[in-house]
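Residue numbers (the numbering used here), protein chains in the order written: chain A, 9 to 608; chain B, 149 to 235.
These are calculated hints, taken from the structure and not from any lab test. All C-beta atoms in this analysis are idealised placements derived from N, C-alpha and C, irrespective of residue type, glycine included. Check each hint, because a few of them may be wrong.
[Stated by the list, open to error] Pairwise CB distance ranges (calculated):
hint, chain 1, residue 1, chain 2, residue 2, range
1, A, Ala-605, B, Glu-197, 19 to 27 Å
2, B, Gln-200, A, Arg-489, 51 to 59 Å
3, A, His-234, B, Lys-170, 53 to 61 Å
4, B, Asn-207, A, Leu-508, 38 to 46 Å
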Amino acid sequence: MIRKIFLPSILLVLAYGFWISPDFKEISAGVAIFLFGMLSLEEGFKAFTGGLLENLLRRTTNKLWKSLSFGIITTTVMQSSSLVSVITISFLSAGLISLAAGIGIIFGANLGTTTGAWLVAGFGLKVKISAYAMPMIVFGVILIFQKSKELKGIGYVLTGLGFLFLGIHHMKEGFDAFKDTIDLTTYAVSGYAGIFLFTLLGLIATVVMQSSHATLVLIITALAAHQITYENALALAIGANIGTTVTAILGAMSANVEGRRLAGAHLIFNTVTAAIAIAMIYQLTHIVDLVSGWLGIASDNYTLKLAVFHTIFNLIGVLVMTPFINPMVRFLENFLKPKVRTTAQPRYLNRASIDFAETAINAVRKETLHLYDNAFEIIAGGLRLKPAWIRSDRPITELTNSSTRSREIDIDEQYNRQVKGLYSDIIDYMSEAQPSMSSGQSEELFALRSAGRDLVGAIKDIKHLQKNLERYMMSPNPAIRDEYQSIRGQLASLLRGLELVRHGGDDSATVLSLDELKAEMDEIEGLLDSTVDRLIRNHLITAEMATSLMNDSSYAHDVATKLVSMGEVLFSTGDINLRDAERNIALDDDEIDEALAASR
Amino acid sequence: MNMKKLFAKAENFLNSDKRKRKEKKKCLKHVLKKLRKQEEKFNARLQDETDQAVIDKLNKKIALVHAQRKKGLALMKELREKKKPAQ
């Protein structure tokens, strides 16, 4: 209900405001232009998330100081803590970084966002920035129309900065004109009542504008035009800090439990920091005066003093809260528990990461590995083997001999329960993520799609194979029984080989050892015809048995081929280019034959 | 950094084809280095091995890694040739 009336009420209030005051119209237009600039800036930086930002983020997970610095630097450069929060949430959802690292980044982003106040107060108000805005917009728009993704990205960043400057200019002009007609300082409230009231106002303004940055610029321009008192401006800045968590909470709603935990950490940080700032506001203003004096800021330069205040109170927050990151992680993990998951539910696919190509690819890769785990269980079951046995180092013949007892397994039912839904979710996610991808990234997604298809195909082949497997595994005829046991052994050995490659670590040469498995498979297939001939000639098996054996060997070969080609895609680690290099070097059947023939 | 270098860097950044090719070459080089080490490791093991079955297996491994390296080197050569301007 509230949601339904919220938007129309805001629009009505604004329309009424525009009707009675042209200055209010100019200030609002300034805010709107500023927000549009931020959107454009975010769009521009997204063009570079295809590698640089994600590579950096990946390297900042091992040490807390690195996560903090990453948060500070990226937010300073991009001037948007919300973009950094959203990227961090998407990384966390895709399982690429730990919660503690994510919290470190968010703390850093809180400190990084304070540089915005410095830029506006120190530069934006002193120089006629609208003069820079126009050329920036013109150059930016020209670059947006270029084909190259990088130029387009630079274009969006330039246009974004241009609109930010233009927005600040209009806010400043609006407030300057406003002070001739009305003096807002008459509405100033002093003491703690004023602090609480203006904190609330700052919070509301930030929730409405979805940007603490915009609120802060509004506060600074109003302060510069003497439309609010310094004390009330400080309270507004505190409110803006709490309000910004709303953006993160909204972003986390669609995220998984990890994303929600991060938003929880953000909320705790900003609320605790705000509580400290409110409780110690008079001591803080004293510290601000001292620091400002030390920095050579004039005592009546309230806009720069506000920037000092904003930085100091966020710095205090970081200093106070950083030692509590680990207890905070424990608390959030206990408080926000993941929903009970079935094996068929996706674990890494998340709306939060769909816009970030590299992260989305990683999420798909991890989810397809999850699909592989489910498929592994079904395939092992189809061979009448336990997955744990295959993963152990017990000799393969021992495994195949010790589990000849046939037990009923419904592969169709298992496929529907463990694979079908998950596979559909992966396909669905891929089709949504693909439009924003470059050609190289689309190719990677295509390879992952075929890896999923190979897995599903392998399950179907095992289903066909298991009918005769069940029948001949228990056959009184030792010749046919041995042949089927041998097929089981070969596939079990292949599954073990795949597991070894999968857990082979980051060594890029490991995935190429799959070529060895390919060679073994081809060799076994080559021997099949002569084996069948020999068995028939010696009247050891019937013609019907021979046909079954040939068909089933062909199914087994198909299973192996599909699993190896899946492994080549899924088990290769590192970035896109490295995976691409490995795939290009992997040998095809003819090349394997040629290499082996040359070695003989 | 002088202006010439700065321009070269900017040009390199904007010329995404060139950058992609450079990145590809770097990755290929990395994989080739790993393969070379692997081949050396297999060869060293072969020297000490007496079991014929293991020797056969190692020979197969060496043949495959060698073929992969050969393929990788050919790809590297192709990338290098693309870099050169058309004569």
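| Tell me, which hint numbers fail for this structure? | 2 and 4
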